Structure formats: structure tokens, C-alpha cells
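Quick note, the sequences are listed as chains A and B, same order. For the first sequence, the UniProt record's numbering begins at 1 and goes up steadily by one. For the second sequence, the UniProt record's numbering begins at 1 and goes up steadily by one.
One or more of the hints may lead you astray.
For chains that are exact copies, the list does not tell them apart, and a pair is met inside one copy or across any two.
Unchecked claim - Think about it this way: if two alpha-carbon atoms lie no more than 25 Å apart in a straight line, the pair counts; the simulated DMTMM-like pairs of lysine to aspartate or glutamate are:
{"id": "1", "residue 1": "Lys57", "residue 2": "Glu129"}
{"id": "2", "residue 1": "Lys201", "residue 2": "Asp120"}
{"id": "3", "residue 1": "Lys220", "residue 2": "Asp233"}
{"id": "4", "residue 1": "Lys386", "residue 2": "Asp317"}
{"id": "5", "residue 1": "Lys198", "residue 2": "Asp63"}
{"id": "6", "residue 1": "Lys263", "residue 2": "Glu433"}
{"id": "7", "residue 1": "Lys64", "residue 2": "Glu80"}
{"id": "8", "residue 1": "Lys5", "residue 2": "Asp282"}
{"id": "9", "residue 1": "Lys383", "residue 2": "Glu246"}
Bear in mind the hints are in silico, worked out from the structure with no lab data behind them. Since the model is a prediction, treat every value here as computed from it, not as a measurement.
2 protein chains.
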Amino acid sequence: MASSKQFDPASGTRDFLAAEYEGRERAFAIIRTVFARYGFQPLQTPAFERLDVLTGKYGDEGDKLIFKILRRGEHEATGEADLALRYDLTVPLARAAAAYGSQLPSPYKRYAIAPVWRADRPGKGRFREFVQCDLDIVGSSSPLSDAEVVVALHDALDALGVPEFRFLVNSRHALFGLLEAYEVPDELGSGALITLDKLDKLSPEAVVSELVSGRGLSRKTAQGLVDDLTAPDSVERVRARLKSSETGQAGLAEVDQLLELTKDTIPAERIGFTPNLVRGLDYYTGVIFEVVAPGVPGSIASGGRYDGLIGRLGGKDSPACGGSLGIERILPLLSQAEETPYAQIEVAVTVMGEEQATDSFRVAAEIRRAGVRTGVYLGSSGKFAKQMKWASDQGARFCVIYGAAEREAGTVTLRDMVSGEQVQVPFDQAAEELSRRCAQSS
Amino acid sequence: MASSKQFDPASGTRDFLAAEYEGRERAFAIIRTVFARYGFQPLQTPAFERLDVLTGKYGDEGDKLIFKILRRGEHEATGEADLALRYDLTVPLARAAAAYGSQLPSPYKRYAIAPVWRADRPGKGRFREFVQCDLDIVGSSSPLSDAEVVVALHDALDALGVPEFRFLVNSRHALFGLLEAYEVPDELGSGALITLDKLDKLSPEAVVSELVSGRGLSRKTAQGLVDDLTAPDSVERVRARLKSSETGQAGLAEVDQLLELTKDTIPAERIGFTPNLVRGLDYYTGVIFEVVAPGVPGSIASGGRYDGLIGRLGGKDSPACGGSLGIERILPLLSQAEETPYAQIEVAVTVMGEEQATDSFRVAAEIRRAGVRTGVYLGSSGKFAKQMKWASDQGARFCVIYGAAEREAGTVTLRDMVSGEQVQVPFDQAAEELSRRCAQSS
Chain A
1 MASSKQFDPA SGTRDFLAAE YEGRERAFAI IRTVFARYGF QPLQTPAFER
51 LDVLTGKYGD EGDKLIFKIL RRGEHEATGE ADLALRYDLT VPLARAAAAY
101 GSQLPSPYKR YAIAPVWRAD RPGKGRFREF VQCDLDIVGS SSPLSDAEVV
151 VALHDALDAL GVPEFRFLVN SRHALFGLLE AYEVPDELGS GALITLDKLD
201 KLSPEAVVSE LVSGRGLSRK TAQGLVDDLT APDSVERVRA RLKSSETGQA
251 GLAEVDQLLE LTKDTIPAER IGFTPNLVRG LDYYTGVIFE VVAPGVPGSI
301 ASGGRYDGLI GRLGGKDSPA CGGSLGIERI LPLLSQAEET PYAQIEVAVT
351 VMGEEQATDS FRVAAEIRRA GVRTGVYLGS SGKFAKQMKW ASDQGARFCV
401 IYGAAEREAG TVTLRDMVSG EQVQVPFDQA AEELSRRCAQ SS
Chain B
1 MASSKQFDPA SGTRDFLAAE YEGRERAFAI IRTVFARYGF QPLQTPAFER
51 LDVLTGKYGD EGDKLIFKIL RRGEHEATGE ADLALRYDLT VPLARAAAAY
101 GSQLPSPYKR YAIAPVWRAD RPGKGRFREF VQCDLDIVGS SSPLSDAEVV
151 VALHDALDAL GVPEFRFLVN SRHALFGLLE AYEVPDELGS GALITLDKLD
201 KLSPEAVVSE LVSGRGLSRK TAQGLVDDLT APDSVERVRA RLKSSETGQA
251 GLAEVDQLLE LTKDTIPAER IGFTPNLVRG LDYYTGVIFE VVAPGVPGSI
301 ASGGRYDGLI GRLGGKDSPA CGGSLGIERI LPLLSQAEET PYAQIEVAVT
351 VMGEEQATDS FRVAAEIRRA GVRTGVYLGS SGKFAKQMKW ASDQGARFCV
401 IYGAAEREAG TVTLRDMVSG EQVQVPFDQA AEELSRRCAQ SS
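Pulled out of the complex, with its shape left as it was, chain A reads as follows (with noise of 0.2 Å):
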């Protein structure tokens, strides 16, 4: 006996049917129309790249989470991958700058909404295969391009309907800064920062012993630290200290700059300093911010600036920023979607006999012709009633009927699916009288 799961998609995957399907893509043709507004133009990479432009990029763990694929026919007994699943798609967008360079603008201003594949453990909200929301700007070193990174993805979480969010901002020069006015070595400071990160998840008090253990601060260093970056007027306290240390007013800079710059474009209440955002990703040299929303635990969006890593991916050494929505956390807040429930067709055209057929086809290529999505009965039953039953289950707003009688007086019957209501229409006119009250209705 067949199991019930043997039909499932592969673990960790997805079948979206018409209604979950096009919820989705109405989600990316607002993003995508956003991002154009500002100048973003799309580009496609492959599902697949060669191995070598992947492995190496993604850390340790990240490598180990690259679906590969095996080499083919007489290779394939080797048991080796020579090709691999996208991981991101930021590491093509590097390969990609690499190849085009020249033929590209200057800065490059490119999204891309696709998916990308990690061997992660499948659970609740993660998944093998999602879709991920990217925009970035290669070839600007501009404070303008953050800016425009943080605006365009506020425009696209407003766009979208995200009810209540908020951007969270820092720069890793002041993050550094602050290390600074604490004297800690240089040496020690990215350690710091991998804990100072867990602030959101662990204990002031936990935080502080990993500081003092697992990363060579001085108890008095590390409890200064977690103090600043917690206390109530954490944002004034830090400002304070990093008045000491130029790598840290020089970040204070950034984000200030960055606030100003959008200061009449994004709400004063979603966007803030906020000194204690880390962001794991050691890449990041300048800017870096993170969306959060009520309710949704980690971050719905985020980025910053990465100078230097479109060169370490193989590309043009290059100033570089950018950001990514979290569309699959995002697109669970937007409940409007799936409310109504899917309709198939507007327009239900009856078969009522053999005779009738090739009139039911024409009248039907009429009514889409003028742009109505329209169904003829498919079935081989000519009962009245189960053909009713058909054009009720598909979501049918109005039903043509065209029987024997119909073809005689040559017109057709309009029923109105909710009302019950019918009239006679002359044939000719089938179309043109749907569509108005298609239009109407809808």
C-alpha cells in the first residue's frame, strides 16, 4: 500500500496550488514594482552555479547546508558534484558583476525575487527551497545608496501592507567605536561582537559571563558593555562613550546621516538608532539595519553596507550595500489574501449536447476575448443540474445555458449565479453583455 506522505513534495519543500500561488506573486509584483520605481532593474541567474563559485563562501556551516549535484554518466559512479544549488543570491550577483561589468551601469542597482536552496533542517516557517528578496547596489560608496536600500525596502514593506514594522539602525563603526572606549583589543573585538549579538536571546548576565569566558574580556569591560547596550537610555549612554573614539563618532556619522537622509520619507516612529543590533554577518562594514514586527520573532527584513565582499566573491574589488526582505516571514502577516476563495472563471458556458458544442466553443471564445476568464463544461454529462453544480464549484459569477431551444431562437440564456436570475440574450450579443456585467459585478 502506498503511503499517505508518498505523494508529498521532498521534505523541506512546497506545492503551491492557484490560490497560494498567485497570493504570492501579487507579494512580488508589488516588491518588484517598487524596486523599479527607484531604478533597480532584475537580474536572473541560474538555479544552479559550478561548485567552485560556491563552496567557501558561506562559512563552515553554510558549506555543509549546499545542495550538490553529481557529476553525469560515465562521472557519475565517482560520487563527486561538480554544480550546486544557489544558497543566496549574492554570490551570483558577485559572479554576474564579474562577467558584465562593463556592460552594466554604474553603480549597479539590481534586485532579484527568486528562491535559493539550504539543506537546513526542515521545521515550522523553514523551509529547502524559499524565495529570497534581494536589492543591492554594487560601485557606490555613497551614504545615498544606504539610504536608498533602507527607503526602497520601507516603501516595499508599506506596499506590501505590513501593518506595523520598524527599522532598526547601527553601523559597525560604532559598534568598534565602542569596543574602542572600552579598550578592548583589537583581536578580541569580533569574538565580542558574535556574543553582544545574543543580547536578543540570552540574558544580560549570560552575555556577560560568555564575554568574560568564552571571549577574554575583563568582568568589568564586559559588564560595562552589556550595561550600555541595555539600560533604558542605552541610545544616549552610547552616544556618550563613543565620543572617545574616532572610529566610533565616524559611525555615529554614518547613522545620523543615514536618519537625516530619510527623515522625510520614513516615519520618525519606524526607524531608530539602535545601538545593540549586531547582526551575526561579519561581512558588513558600515551600515547595518534590521526590520522587526510585532509578533514575528528575528527580523522581516535587513542589510548594510559590505564593501569588499563583491571582491572576496570573485567580482571587481567594489563599494557595495544592500538588503534583503524576509518574504517568506513577511508574506504570513498579509492575511487579506487568502480570504476569498479562489474563483476559476468568471464565466460558465454549458455543453447541452453534441449539436451545440461548436457553439458553446465560439460563444466562449467570444466572452474571453473580451478579456473574461471563461470555462466551458468539460464533462460528458448533458444533465442541467450537474452542470450547475459545475459552474456553482468553480467560482462562476454568471452561466451561460445554450440548449436546443437557445440554438432555435438564436439567442442564449444568462444566469446570474447568485441571484438565480435568468434572460435571454441574442447570441451575438453574449459576449458583449457578460463583460459589462462582469465589470459591474466585480
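With chain A's structure known, arrange chain B on it following the hints.
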């Protein structure tokens, strides 16, 4: 030194930059609109399936072309695969039909426009990642379904603007009837058809030889079959020949019913009975068709009825028919798409010094809110000429100049990038004015 190929996409795959990407997406959108108008609904399945879902479904040759995904973690060293990239959209349809059967409308009319992957030897116009564009009706044995598939494909080709094309229609029953009329033993039938399918590539003599030496037919039978199928009056000859075969009569009736049902919607010169159309795949059971276009080798669309396939592929045994647009072959026929250069933005906003940056940002936001694609200069140069060059390179129709003088006066300068003409507009009216001008000039 890096070789120039180092940054190319993997062999047989392609990157799509903005202009090409958007040309493709425009075509897909047209197709989607047509299919939806017929009440077909989208189904999206994952890029990969469990390996056992795919293997054994495409024949030995097909199985060799499946991209297999290596197991992960501790199992990677086994060199075994457990997943594979989808090879087509039909097997995933069969799996989904089995998984969601009762949730799906009946008949289930679905379309899918999505990439598939085949480890074919890459060549001119042959790719390892390419888009398939399928529509299928599962659960209806009505001839109306075959006709609907054909008409929907016709409308899609028409809507795409394919200048000239023709549907070649036949039925597997007509083919088997012809073999019956020539008293070819049943067990030689399928082999004989595979050879007859080569009439478009080999000479009639070569096909006769192969039928005799390779397929075990008598020379007289082989010659008779080839004469019937290559004669200028082939249609009439085959119609006459099929009189002696019940199967053949049934096949002719299928073809004639399709031609009758589509006569009001497909111009007569675009469709016709084609006795020598065979279609290689042996899963077809009824009407079969291909669409040919001048100058394109092979077909640009094809399909037919395949009543047992869904069951064989793992689904509930259901009647089914469908068709597919060879979209990678069709796209090059649609010439107009790439003639106009890709314009990234409509309006370019200059940034003349840091003091003006926030205001430049604000005016850009207002113009975007009016629906106009707008870019802000993100370079580091304050030089006017450099910013004008950027605006021009981006394809901007208008440029907003906002320097110290404009700031003082509360205005912006609008420059028409074609005529070079400049006008002063109050800052707050810039967005409205540009929205008006862009609408006029487009």
C-alpha cells in the same frame, strides 16, 4: 590569472540581464493571461523531487539526463543521490494530482511556466536550464478538452505575435488504423511508428529500408505506407485507406471533431489534418498535434491526449490531455522586444552637494510616489557634467537639477534630456509636473 570563462554561468545555463529578463517576463505574462482566461490555474511545484519520483518515467535516455542531488552530511561520502531536479512539468503534475486530488477542481485544468533541467549536451539553442510552458486538463475525456487545449495554445501564439504558424493534427488511432489497413501485426506497430516519425528527417527510401530491415515489415507494406504518407494528396489517400479500419475511422472522427470544434476560432489556414504526424513519445493515446512555423526546425508547440499517463506516473488513473509551448524557440521569433534600449529610469535627480542631499531625496520620493521610475545620483562627484552624463546613460527622459540656487529659490530645474530645454518649477510641484510630462512623452 583568471580565465575569461571563470565568471560565466555553468555550461548550458544563462544569466538574464534586465532587458532580456523583461522581454521574457512580458511573454510569460501574455501566456498566463491567455491561459487564465480559459480557466486554467497555476500550479507551482518545487525545483527538485525525491529521486524515485522521477526515475523510470522518461525512458533510459531520459533518466541519464536527470540532474541528481547528492545526499548531505554524513551521507555525502556515499556518493549517492536522494533528490533530483525536475526534468519536466508533467511528472510533478501527476504527483500533485495524486497528492491533492480531492482538493482540486474536476476536471483539473492547470498551467505551469517554469524552468526544468536536463543534462543534455549544450549547443546552439539547447540549454540545460530552460523554461517549459505547459497546460493540461486532467480528468476529462471529452473531445472539448482536446479542442480547448489547442485553442488556448493558438490564442497564446496569436497574443504573443508569432507571425505565422500552423497546427498539424493527427490521432494515434488514425495511425494505428493505417497500420491495421496494411495488416501490420500489432506487435510491430509501435516500432513502425517510431520509424515513420523520421519522414521529416530522412528520405522516403531510407524510411522504407528501415521499416523493412529494422522493423520487420514487408517491402510492399513499407512502400505503401510511405507512399500514402508522402503523396501530395496524402490527406485524401489516408482518409480513403482508413475506411477499412474501425480504429482508423475512430481516429479520423477524433480529428474531424477537433477541426469542427475549432473552426470558428482558428483560421482554416492555421490548422489541418496531417496524416504523417507521429510524435515520438509513445504515451499519447488519442489526438496529437504539433505547431510548425516557417524557418524554425522542429515544432514550436505540441501536445495531445495521454489517457493512461497520470496513473502510470503515480496519480489516480485519469483521462488527460495537454500541450506545451516551446517558449525558448518562440522567444527569438518575437523580434520587437529588444529593439528599444533598456531605460532604467524615467527621471534622474542630481545631488549638488551634501546640503541638498535630503531635499533631493525627498523630491525623488515624491516623484516615485507619483508612479514614475526615478533615480538619485549615487556617485561621489559633485560635477554637473558628470551627473548629466549619468542621467543620460540611465536613459532618463527628464532630469531634476537641485543646487544651492534652486534651494534658495524654493524651486527645482527640470531639464528635458532630449531637447535640452530647462524650466524652473516650484519644489512642491515637481512631482506632479514630471508625472504629467512622463505620461505625455511615453
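Evaluation of the provided hints:
1. In the homo-oligomer, the alpha carbons of Lys57 and Glu129 lie at most 25 Å apart both inside one protomer (19 Å) and across protomers (24 Å), since each shortest distance falls under that limit.
2. In this homomeric assembly, Lys201 and Asp120 come within 25 Å of each other (Cα to Cα) only inside a single copy, at 21 Å, whereas the closest approach across copies is 49 Å.
3. In the homo-oligomer, the alpha carbons of Lys220 and Asp233 lie at most 25 Å apart inside one protomer (20 Å), although the nearest pairing across protomers, at 99 Å, exceeds that limit.
4. Within a single copy, Lys386 and Asp317 get their C-alpha atoms only as close as 67 Å, which misses the 25 Å cut-off; across copies the closest is 22 Å, which meets it.
5. For a Cα distance limit of 25 Å, the shortest separation of Lys198 from Asp63 inside one copy, 23 Å, qualifies, whereas the shortest one across copies, 48 Å, does not.
6. Taking identical chains as interchangeable, the C-alpha atoms of Lys263 and Glu433 lie at most 25 Å apart only when they sit on different chains, with a minimum of 24 Å there against 52 Å within one chain.
7. With identical chains, the CA atoms of Lys64 and Glu80 are at most 25 Å apart both within one copy (15 Å) and between copies (16 Å).
8. In this assembly of identical chains, Lys5 and Asp282 lie within 25 Å of each other by CA distance neither inside one copy nor across copies; the values are 41 Å within and 30 Å between.
9. When the C-alpha separation of Lys383 and Glu246 is checked against a cutoff of 25 Å, the pair qualifies neither within a copy, at 84 Å, nor between copies, at 30 Å.
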